[in-house]
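Here is what each chain is made of, one letter per residue.
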Amino acid sequence: MTFVIVFILCLVLGVPIFVTLGVPSLLELLNSPIPLASLAHSLFDGVDKFPLLAIPCFVLAGAIMSRAGITRDIIDVMRSVVGGAYGGLAIVTILSCMFFAAISGSGPGTVAAIGTLLIPAMKDDGYPKDFAAAVASSGGTLGILLPPSNPMIVYGVLASVSIGDLFLAGLLPGILMGALLIGTTYLLSRKNGYRGTPHTFEARKFAASIYKAKFSLSMPFIVLGGIYGGIFTPVEASVIAVLYALLVGMLVKRSMGIGDLWTALTEASTICGGLILIMGTAIFFGEFLAINLIPQKIAKSLLSITSDPTMMLLLICAILIVLGTFMETLSTVIILTPILLPLIKQLGIDPIHFGILLVVTSEIGFLTPPLGVNLFVACGISGLTIEEVSKRVLPFIATIIVGMLILLYFPQISLFLLSFK
Amino acid sequence: MNARMVSLFSKFELTVSNLSLALLVLVLAAQIFFRYVLQIGLSWSEEISRFAFVWFVYISASLAAQRGTHIRVTLFARLLPVDNRIVYLIADVIWIIFNAFVVLAGIQLIQRTIAYPVYSTSLFLPLAYIYTVIPIAHALMIIRIIERQWNSWVHGVPLIAGEGDVVEEKLS
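Protein chains in written order, with the working numbering: chain A, 31 to 451; chain B, 37 to 208.
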């Protein structure tokens with residue numbers, strides 16, 4: 031009982047998550063015959079996991095892509111395709127997010143890369159700024175659903191599920207969610223008459239933009255193709271992504287120097303610094319959770335509400351959406367995976383299907399204040415307040431919830447591609 | 037300490053974590069090159085890159101403490117009817133105490149692995165040296181927490197990066 035009280039107290043006081051997980055476990059350790067040294071050993075072991083290396087590498091690759099001009103190339107191609115339709119540039123934003131998400135594993139990282147270029151462009155094209163910021167925040171949520179994905183890597187490590195399988199399972203749900211978001215964008219633009227400068231589709235211009243962007247456009251195919259084809263492990267693919275982006279930036283486009291590489295490294299260090307070490311105390315925390323039989327107790331009280339797998343998933347998704355309003359995504363996945371996984375397995379739910387749902391509900395957490403990280407990034411770019419953007423983001427949240435329900439009722443969408451393995 | 041030393045120390049974590057990230061990318065690049073181009077499997081590359089990663093994770097955590105970008109739940113602290121800074125001060129004291137225990141645990145672990153040596157599986161490196169990152173990084177973090185608190189109370193720098201306006205660095 032003290033274990034739970036100390037945990038909640040630390041959480042409420044705003045103690046960093048890795049310490050919030052560490053303090054109750056440390057108290058239990060001090061009351062046990064286990065030597066204190068095992069704390070340091072656990073912190074080392076929790077992070078010393080090879081698949082985790084992909085996280086900083088994918089973050090670094092994203093940072094390099096923007097500096098190398100790869101992001102701009104992707105946007106130019108999307109623009110030449112749908113630029114003139116209703117909501118043209120807004121749809122371009124979602125499509126560019128999808129493309130970027132297929133190389134990067136982070137939600138806010140995607141908003142930062144795409145939004146920095148497209149929010150000002152949408153504003154210049156006559157779109158209201160709050161709508162532009164809402165579209166970029168929503169498109170950015172695809173960063174974690176379309177593989178590669180940082181939360182999937184963490185979930186895979188904690189749940190002992192193949193990360194390659196999770197990446198394969200996330201592909202169709204990611205495309206579905208992208209299509210739904212594009213639909214909402216189109217309907218909203220049509221209703222409000224957002225059109226921007228009309229220009230007709232020109233095949234020659236399209237071909238020229240594709241040719242110009244050939245190196246940038248092949249990147250997701252190399253990274254994801256390598257993983258799906260069984261050529262690279264996810265970690266190797268993340269390193270290939272870094273090297274490829276560097277090659278394009280430094281040798282092909284010559285748009286980057288050594289100084290830019292250092293700033294990209296700094297960006298990756300700063301982003302990963304407060305995050306990955308949570309894995310260190312998480313393993314330690316998970317062990318004491320298990321000793322205190324907490325997963326069993328939570329499972330018992332959830333099972334007293336329902337024992338139907340679908341209803342249980344609905345219930346868990348609802349809880350996750352509420353938690354996502356004030357908890358950061360990766361920490362939610364890290365804390366809840368060891369708590370909920372035994373229950374999921376007991377009910378015969380596929381852990382991969384559950385992992386995808388966990389990621390989809392995390393997408394909603396990116397958009398809901400008070401802690402909606404994608405909103406923060408979009409507000410930083412557009413200079414708007416959270417209140418202004420969060421109102422415009424509501425229809426997109428509704429869209430993602432619809433997508434979540436579709437994925438929940440049709441596990442085949444996530445599991446279909448795995449049957450070809 | 038003179039000004040030069042202070043300025044070097046302020047960039048210490050940034051430099052070490054950037055270099056460890058660069059090292060792990062380089063080592064893995066070598067692994068890929070050897071495996072796919074020369075068809076030779078390297079035995080040491082995974083281990084070196086994993087150790088570089090652990091160093092990267094913990095040293096960059098101290099960087100995050102310096103820049104106020106650690107992930108926390110700030111909703112309740114802001115709802116409490118007292119000055120936020122007092123709540124965060126209590127939170128940071130808990131953090132410092134936890135880190136002090138980790139430093140102690142780290143020193144004990146190193147003493148044990150020196151007394152009963154344990155070596156890494158492929159390179160036979162004494163793990164005692166690799167483990168040093170745990171006490172070093174957690175001790176550095178304590179200094180950075182105090183530094184950030186000082187800047188917050190004395191210079192009015194927000195304790196949590198972007199708190200009050202927008203969060204610019206809290207990317208996950």
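One or more hints might be untrue.
To be verified - Anything over 10 Å on all C-beta distances counts as not near chain B; from chain A, calculated:
| no. | residue |
| --- | --- |
| 1 | F33 |
| 2 | G44 |
| 3 | L201 |
| 4 | I270 |
| 5 | L332 |
| 6 | Q376 |
| 7 | L377 |
| 8 | K421 |
| 9 | L424 |
| 10 | I443 |
To be verified - Heads up, simulated EDC-like pairs for lysine to aspartate or glutamate below, C-alpha to C-alpha not over 20 Å straight-line:
| no. | chain 1 | residue 1 | chain 2 | residue 2 |
| --- | --- | --- | --- | --- |
| 11 | A | K79 | B | D119 |
| 12 | A | K79 | B | E82 |
| 13 | B | K47 | A | D290 |
Think of the hints as simulated: they come from the structure by calculation, not from any bench.
Beta carbons: idealized from backbone N, C-alpha and C, even for Gly.
Going through the hints against the structure:
No Cβ of chain B comes within 10 Å of the Cβ of F33 (chain A); the nearest lies about 15 Å off, and the non-interface call holds. In this structure G44 (chain A) is not separated from chain B by more than 10 Å, as the shortest Cβ-Cβ distance comes to only about 4 Å. Under the 10 Å C-beta cut-off, the non-interface status given to L201 (chain A) relative to chain B holds; the minimum distance is some 21 Å. Not every C-beta of chain B lies more than 10 Å from that of I270 (chain A), the closest at about 7 Å, which undercuts listing it as non-interface.
Listed as a non-interface residue, L332 (chain A) keeps its Cβ farther than 10 Å from every Cβ of chain B; the least gap is roughly 22 Å. Interface exclusion of Q376 (chain A) from chain B stands, the closest Cβ pair being 29 Å apart, more than 10 Å. Consistency note on L377 (chain A): stated as away from chain B, and its beta-carbon is indeed over 10 Å from all of that chain's, at 29 Å minimum. No Cβ of chain B comes within 10 Å of the Cβ of K421 (chain A); the nearest lies about 17 Å off, and the non-interface call holds.
Against the 10 Å criterion, L424 (chain A) stays outside the reach of chain B, whose nearest CB is about 20 Å from its own CB. A cut-off of 10 Å between C-beta atoms confirms that I443 (chain A) is not in contact with chain B; the least separation is 25 Å. With a C-alpha separation of about 40 Å, the suggested pair K79 (chain A) and D119 (chain B) falls outside the 20 Å cut-off, and the hint is violated. For the given pair, K79 (chain A) sits about 10 Å from E82 (chain B) by alpha-carbon distance, which is consistent with the 20 Å threshold.
Between K47 (chain B) and D290 (chain A) the alpha-carbon distance is near 17 Å, which keeps this suggested pair within the 20 Å criterion.
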